[in-house]
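Enquirer: In terms of the working numbering, the sequence shown has 126 at position 126, counting the first letter as 1, and numbering is strictly consecutive.
Derived by calculation from the structure, the hints in this document are not laboratory data. Note that this is a predicted model, so its numbers are computed, not measured. Check the hints yourself; a few may be wrong.
[Said to hold, decoys possible] Derived EDC-like pairs: lysine to aspartate or glutamate, alpha-carbon spacing no greater than 20 angstroms straight-line:
#, residue 1, residue 2
1, K133, D167
2, K134, E122
3, K134, E102
4, K134, D167
5, K73, E84
6, K73, E103
7, K73, E95
8, K133, E118
9, K133, D7
10, K133, D105
11, K133, E122
12, K97, E118
13, K97, E79
14, K133, E102
15, K73, D83
16, K73, E86
17, K134, E118
18, K97, E122
19, K134, D105
20, K134, E103
21, K134, D7
22, K133, E103
23, K97, E86
24, K97, D130
[Said to hold, decoys possible] Derived DEER-like restraints, expressed as beta-carbon distance ranges:
#, residue 1, residue 2, range
25, A63, S125, 28 to 36 angstroms
26, N142, M98, 25 to 33 angstroms
27, L129, N22, 32 to 40 angstroms
Beta carbons: idealized from backbone N, C-alpha and C, even for Gly.
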Amino acid sequence: MTSSPPDIRSVCVYCGSSFGGNPLYRQAARDLGQILAGAGLRLVYGGGGVGLMGETARAVHEAGGQVLGIMPKFLQSRESVFDEVETRIVANMHERKMMMFEEADAFVVVPGGVGTLEEAIELMSWRRLDLHKKPVIFLNTNGYWEPFFTLIRHTEVEGFTPSAFLDTYLSVDTVEAVLPAITRAGAHTVNIDTRRVV
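Generate coordinates for the entire structure from the input sequences, incorporating the hints supplied.
Expert: Written out as structure tokens, the structure reads:
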């Protein structure tokens, strides 16, 4: 059984409401769920039973872990609420995102689409503005997030983003590296030259 990082009780996972085109993403979501449950960490997620988010929640639940889903009312049928776990129905996306933020001590960004990107960028922006100090970890399965990291570095090179913004996240290539990265990100400010954990 993997031990949980100190002072971390709940981990919010942002990920796709579909499976994507590579089976590695689905397996990574399932493995992440099992690792969270094994470490005694509660999963906080978007509440859906579909795609990678459903896969993660089922894996935690099946392994005996705790899950909190947060679902906007208008998405209940579209994202098929996973009703075998605790789910809170909220009025809108803003309320969902705020509750997910408040209920989590750390964040893991798994492959996903524009919704996942929007959540991740907002979280990084809030951290850059010193609105929180919670760890933000990208699970870079199969190099999925490399184009995003390239874009972030481009905005820095072009003078629109301060280099310190690169300190707002860590990237890991394997599910097994997620919990050590959460511990590392919570322990100190990450040096931009060594922000990648493998």
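Enquirer: Now, for every hint given, state plainly whether the structure supports it.
Expert: Here's how the hints hold up against the structure:
Between K133 and D167 the alpha-carbon distance is near 11 angstroms, which keeps this suggested pair within the 20 angstroms criterion. A C-alpha spacing of about 13 angstroms is found between K134 and E122, which places the hinted pair at or below 20 angstroms, so the restraint holds. For a cut-off of 20 angstroms, the pair hint linking K134 to E102 stands: about 11 angstroms separates their Cα positions. Straight-line distance between C-alpha atoms of K134 and D167 comes to about 12 angstroms, which keeps the hinted pair within the 20 angstroms bound.
With a C-alpha separation of about 17 angstroms, the suggested pairing of K73 with E84 holds against the 20 angstroms cut-off. Using a Cα cut-off of 20 angstroms, the hinted pair K73 and E103 holds, with the two alpha carbons roughly 19 angstroms apart. Between K73 and E95, the direct Cα distance comes to roughly 11 angstroms. Compliance with the 20 angstroms bound is thereby established for this hinted pair. Between K133 and E118, the direct Cα distance comes to roughly 19 angstroms. Compliance with the 20 angstroms bound is thereby established for this hinted pair.
Using a Cα cut-off of 20 angstroms, the hinted pair K133 and D7 holds, with the two alpha carbons roughly 13 angstroms apart. As the CA atoms of K133 and D105 are separated by approximately 9 angstroms, the hinted pair is consistent with the 20 angstroms bound. For the hint linking K133 to E122, the alpha-carbon distance of about 14 angstroms falls within 20 angstroms, and the restraint holds. For the suggested pair K97 and E118, the alpha carbons sit about 11 angstroms apart, so the restraint of at most 20 angstroms is met.
With a C-alpha separation of about 16 angstroms, the suggested pair K97 and E79 falls inside the 20 angstroms cut-off, and the hint holds. Proposed proximity of K133 and E102 is supported: the alpha carbons are some 12 angstroms apart, at most 20 angstroms. At most 20 angstroms may separate the alpha-carbon atoms for a hinted pair to count; K73 and D83 meet this at roughly 14 angstroms. Among the hinted pairs, K73 with E86 is consistent with the structure: their alpha-carbon atoms are about 15 angstroms apart, no more than 20 angstroms.
Of the supplied pair hints, the one linking K134 and E118 holds, its CA atoms being roughly 17 angstroms apart against a limit of 20 angstroms. A distance of roughly 10 angstroms separates the Cα atoms of K97 and E122; the hinted pair therefore holds under the 20 angstroms criterion. The hinted pair formed by K134 and D105 meets the criterion: a straight-line CA distance of about 6 angstroms does not exceed 20 angstroms. Restraint check for K134 and E103: the C-alpha separation of about 12 angstroms stays at or below 20 angstroms, so the hint holds.
For the hint linking K134 to D7, the alpha-carbon distance of about 11 angstroms falls within 20 angstroms, and the restraint holds. With a CA separation close to 14 angstroms, the supplied pair K133 and E103 stays within the 20 angstroms bound. Simply put, K97 and E86 have alpha-carbon atoms about 17 angstroms apart, close enough for the 20 angstroms limit, and the pair holds. As the CA atoms of K97 and D130 are separated by approximately 18 angstroms, the hinted pair is consistent with the 20 angstroms bound.
At about 33 angstroms, the beta-carbon gap between A63 and S125 stays in the expected band of 28 to 36 angstroms. The given range of 25 to 33 angstroms is respected by N142 and M98, whose C-beta atoms sit roughly 31 angstroms from each other. Separated by about 34 angstroms at the C-beta atoms, L129 and N22 satisfy the suggested range of 32 to 40 angstroms.
The structure shown violates none of the earlier numbered hints.
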